[in-house]
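Undergrad: We have chain A already, so just place chain B on it with the hints.
Number of protein chains: 2
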Amino acid sequence: METKNSALHLIPVPLTGSTTSYLSTESIETAHKITHFIVENAKSARLFLKSINHPTPLQSIEIEIITDKPKENWQWVKSILEKGLDVGILSEAGLPAVADPGNEIVKIAHQNLCKVITHSGPNSMITALMASGMNGQQFIFHGYLPAKKEQLREKLIQIVKSHNYPNFTHIFMETPYRNKQVMEIIFNNVPNSYLLSISANLHTKDEINYCKTIAQWKVFDSSIFLDAPAIFCFTKN
Amino acid sequence: METKNSALHLIPVPLTGSTTSYLSTESIETAHKITHFIVENAKSARLFLKSINHPTPLQSIEIEIITDKPKENWQWVKSILEKGLDVGILSEAGLPAVADPGNEIVKIAHQNLCKVITHSGPNSMITALMASGMNGQQFIFHGYLPAKKEQLREKLIQIVKSHNYPNFTHIFMETPYRNKQVMEIIFNNVPNSYLLSISANLHTKDEINYCKTIAQWKVFDSSIFLDAPAIFCFTKN
Numbered sequence: 001m002e003t004k005n006s007a008l009h010l011i012p013v014p015l016t017g018s019t020t021s022y023l024s025t026e027s028i029e030t031a032h033k034i035t036h037f038i039v040e041n042a043k044s045a046r047l048f049l050k051s052i053n054h055p056t057p058l059q060s061i062e063i064e065i066i067t068d069k070p071k072e073n074w075q076w077v078k079s080i081l082e083k084g085l086d087v088g089i090l091s092e093a094g095l096p097a098v099a100d101p102g103n104e105i106v107k108i109a110h111q112n113l114c115k116v117i118t119h120s121g122p123n124s125m126i127t128a129l130m131a132s133g134m135n136g137q138q139f140i141f142h143g144y145l146p147a148k149k150e151q152l153r154e155k156l157i158q159i160v161k162s163h164n165y166p167n168f169t170h171i172f173m174e175t176p177y178r179n180k181q182v183m184e185i186i187f188n189n190v191p192n193s194y195l196l197s198i199s200a201n202l203h204t205k206d207e208i209n210y211c212k213t214i215a216q217w218k219v220f221d222s223s224i225f226l227d228a229p230a231i232f233c234f235t236k237n
Numbered sequence: 238m239e240t241k242n243s244a245l246h247l248i249p250v251p252l253t254g255s256t257t258s259y260l261s262t263e264s265i266e267t268a269h270k271i272t273h274f275i276v277e278n279a280k281s282a283r284l285f286l287k288s289i290n291h292p293t294p295l296q297s298i299e300i301e302i303i304t305d306k307p308k309e310n311w312q313w314v315k316s317i318l319e320k321g322l323d324v325g326i327l328s329e330a331g332l333p334a335v336a337d338p339g340n341e342i343v344k345i346a347h348q349n350l351c352k353v354i355t356h357s358g359p360n361s362m363i364t365a366l367m368a369s370g371m372n373g374q375q376f377i378f379h380g381y382l383p384a385k386k387e388q389l390r391e392k393l394i395q396i397v398k399s400h401n402y403p404n405f406t407h408i409f410m411e412t413p414y415r416n417k418q419v420m421e422i423i424f425n426n427v428p429n430s431y432l433l434s435i436s437a438n439l440h441t442k443d444e445i446n447y448c449k450t451i452a453q454w455k456v457f458d459s460s461i462f463l464d465a466p467a468i469f470c471f472t473k474n
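Chains as they are written, first to last, in this note's numbering: chain A, 1 to 237; chain B, 238 to 474.
Simulated from the structure, these hints should not be mistaken for laboratory data. Warning: the hint list may mix true and false statements.
[What the hints assert, rightly or not] Some residues of chain B that are not near chain A, with every Cβ distance over 10 Å (derived):
no., residue
1, K306
2, A465
3, K473
[Claimed, not checked] Straight-line alpha carbon distances no greater than 35 Å define the calculated DSBU-like cross-link-like pairs of lysine-lysine that follow:
no., chain 1, residue 1, chain 2, residue 2
4, B, K449, A, K83
5, A, K236, B, K385
6, B, K392, A, K236
7, B, K473, A, K149
8, B, K398, B, K308
9, B, K473, A, K78
10, A, K205, A, K155
11, A, K218, A, K180
Since this is a predicted model, take the numbers as computed values, not measurements. Ideal Cβ positions, reconstructed from N, Cα and C, are used throughout, including at glycine.
Chain A on its own, in the form it takes in the complex (with noise of 0.2 Å):
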């Protein structure tokens, strides 16, 4: 493929209750010379760049949807790159790619050796591992864990007995409404002397970040990560 120097651009977009003011001034000067987005979501796409003051106007900006059909969502990209014009690629909130939609048009962008080129922005997940305190050098992300209760249970039991990655960080991700039910999982599957991370409303003013043992969890009113979106982190102690 001839790409006549254009690339696609992966653009953080905000999370929620957050600002757009992470994105440096470099980024934002790309950002705004881009006319074709490809997007997880449109509206909150518009209101991104509704943010950053994008000088064209709206409805002169091409908006595509990420659909669950990478290689057609690819000939969109491949035909605006072939006009030597650039395309940026935008989750709905947080980085593209990255526990979020995008990476497949980015694995294809890479097969037709077009240029990738990233920005900077805000990640939950790392985040939280820092908040935590735990091991920083070497750890998995599972994303969601499996959300029955009986595989969450066997999924956990797993994870503690492997002997494969015996002092990595663990990081997961939950949907607020399961807090709950996925505490109490962990308190009664996982060893009282793990250590357990919980971090919610990152990158707001109303951030908490609070690592225990599960013992010590387990005397502890946790009711304020009801219904927050919240990042688990847990080890061995």
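TA: The following block gives chain B in isolation, referenced to the frame of chain A:
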């Protein structure tokens, strides 16, 4: 411990060649109010404080070095917090406590019920993962893989053969002068069908991100990566 509402702030320092423009106004305002820092490197810490135009004269700012004795470090941190003052923790570059020193102090802080507050900044491994196009929902960060040839070979074979985390992306760092040797060992021990991405000079204008199958890498001139600070990601394709 009674911390009188004081807190331990985890503050990111720019990566080589980068600027502090990622720091939010709120983070800079917070850093301006802190006059006690525990840091990986005093010189880079002073450069950082200068770059954010810290209003207190540098000679009046107390800087303690992070050692391999976290309990002693904590005694210093605790003595400041007990005065009702905040403490900032800075690594040499990047996020403190993530692939950098500081996490042991954070861990003790939590056990002493000290408030831990994070500030966002760029992180090379997450940026490399985003740029790779690989699975960003599930991944393992290995830190540095073994330095010795035979141990590195064994580790790679173990990762490839492991059935516990079949579709996870594997991420590791390497010191620049070892890139050539590491690439050779990967090419010889990871299946041709696997995807390998190499990201170098991240968060600078010279950033490069390539993702190819091992078979494609074998016939690609990868000399651009020699001696560049790089992050490697690989996964089953």
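Undergrad: Are the hints correct? Go through all of them and say.
TA: Outcome of the hint check:
no.	hint	in the structure
1	K306	holds, 16 Å
2	A465	holds, 15 Å
3	K473	holds, 13 Å
4	B:K449 / A:K83	holds, 24 Å
5	A:K236 / B:K385	holds, 27 Å
6	B:K392 / A:K236	holds, 22 Å
7	B:K473 / A:K149	holds, 29 Å
8	B:K398 / B:K308	violated, 40 Å
9	B:K473 / A:K78	holds, 25 Å
10	A:K205 / A:K155	holds, 33 Å
11	A:K218 / A:K180	holds, 12 Å
Of the numbered hints stated above, the single one contradicted by the structure is hint 8.
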